[in-house]
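Chain residues, written in single-letter form:
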Amino acid sequence: MANFSNNTRFNSHISRTFNRELEDLRNAVLVMGGEIEVQYQDALEALLQHDIKLAEKVILNDVKINAMEVEIDSECLRILAIRNPTASDLRLVMTVSKMVIELERMGDEIEKIAQFVNSTEFVYSDELKLGITHMAQDVQTILRDTFNAFARQDLKTTMNIFALERLVDEKYNELRLQLEQEIQQNVQHIHYWLDVNTLIRSFERIADRCVNLCEYLVYLAGGKDLRHNSGKKIQKKIQALIKS
Amino acid sequence: MVKLFKSTKPALKKLTAEDISVEISDLSVYFGKKSVLRDISMVIPKHRITSFIGQSGCGKTTLISSMNRMNDLNKNHRCTGSITIDGQNIHSKKINVAKLRTQVGMVFQAPNPFPMSIYDNVAFGLRLQKQIPRRQLDEAVERALKNAVLWDEVKDQLFASASILSGGQQQRLMIARALALKPKILLLDEPTSALDPLATLHIEELMQTLKKNTTIVMITHNMQQAARLSDYTAFFHQGELVEYADSDKLFTQPKHKQTEDYITGRYG
Ligand SMILES: Nc1ncnc2c1ncn2[C@@H]1O[C@H](COP(=O)(O)OP(=O)(O)OP(=O)(O)O)[C@@H](O)[C@H]1O
Ligand SMILES: [Mg+2]
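Protein chains in written order, with the working numbering: chain F, 1 to 244; chain Y, 1 to 268.
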């Protein structure tokens, strides 16, 4: 069933205008995803280099992402109204409409990271910084793989993402423990620690949203709704889809 | 699982014997040497609307005509397999074909009004059945015409020839003619193909009302109509039943690529 919705199939309608509309819709999501990736990269660099100018640029740029969400969603509505899409076409339009919500919220998390850079001096320990850096790099991988998986309609990659996200969760929990220790040692900086807590949570949330996107991708490919399933079940369902 | 949206019909897979009106088993139909339908096996659920969809020439009309033995009128016609309605094999010697056809009413693809008045067209079947007092007949004709959303347009010229009616009016006249007999199964071959959107909605509403005590099979080339109106949908391709499923399922997650291609308007 998975092979229904590979790239070329969006191009096989008898109506060429409809082909183009769906193709444009898909491309718009990829453009928005590309924009998110750049934002993330900039925010991360701003964080690691403490580059306030770059952080400001990220904050300003978020407006663009918000606008993209609105524009793509209204295009989804228009297509629903005039084309009455069915089957995989319907799933594409509905999925895109939900994906852009996730993307916009990822944008918000990235903006929060940039705001952290703007408002906070670096005082946390090398150990904590290293932990955050590692987690942030994993999230970057997840982000990149998620957009690649969407671009290539590649279900195998989504399986890696589900696994990698669990790793990020573990790292997040470790970081929280570490943070607790630092708080105990440096209680006077409590406001700062709360900001750091928000920061690592933002990274974790971005990975979460990537997983949501992957669930939508699987639904798009085969109509299986993976939301709120356990890890094992998800893996089984994806494997079944890849085989079919 | 939480159930916020209740389905009013059982899933096709969960039908029990009482839910079934027509059972078709291994039906194959030939016209001369030409094989038109091959090994069709399916059930038509009772008091539901079932849509048949598929490319022109795939055998939809042939299949519904088999259900009231309309194909028998063609000398070249030959069929194997069986069709049972409410447990009775319609090819059994005991079956009275004329009676079968009043119980299994059909509205043809192309309107074929008899060369007589509008009134007589609608009353035709009733008069064949039995002697009915004029008063009762008038009422039956009026009710049928009202249900078919034609009454207002023809009430002042009931005794004019049916041939003066427009294409869409003739189509509704054919629906009225079928309705007058109160069939327990109603076969509709593209019943709204010549109707404007409003008349179409009226006929669709009528079908929703009728299905309380009538089993309806409808052929349509309008995917949205099949999706919004019918409980179950069967997709045919070149004489074969490719996919038969609950309509909501078939139009969101078809199992077969051929179905997907057809309903989404793709090259086969
Ligand atoms: N009386 C007949 N004699 C010979 N061939 C016939 C006869 N009736 C139908 N056929 C053939 O059987 C095939 C199926 O015809 P049928 O009318 O059932 O198609 P259909 O699915 O209803 O198509 P449409 O959507 O165009 O109405 C066609 O190839 C047609 O040519
Ligand atoms: Mg036909």
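In case anyone wonders, no lab produced these hints; they're calculated from the structure. Hints may contain errors.
What the hints assert, rightly or not - Straight-line Cα separation of at most 35 Å, DSBU-like style, residue types lysine-lysine; simulated pairs:
(1) 243(F) - 255(Y)
(2) 156(F) - 129(F)
(3) 236(F) - 212(Y)
As the list claims (entries may be wrong) - If we take Cβ atoms under 7 Å as the criterion, some of the chain Y residues that face chain F in the derived model are:
(4) 79
(5) 124
(6) 125
(7) 133
(8) 266
All C-beta atoms, glycine included, are put in the ideal place defined by N, C-alpha and C.
Results of checking the hints against the structure:
no., hint, result
1, 243(F) - 255(Y), "15 Å, holds"
2, 156(F) - 129(F), "32 Å, holds"
3, 236(F) - 212(Y), "43 Å, violated"
4, 79, "33 Å, violated"
5, 124, "38 Å, violated"
6, 125, "37 Å, violated"
7, 133, "49 Å, violated"
8, 266, "5 Å, holds"
The structure is inconsistent with the numbered hints 3, 4, 5, 6, 7, although it conforms to all the rest.
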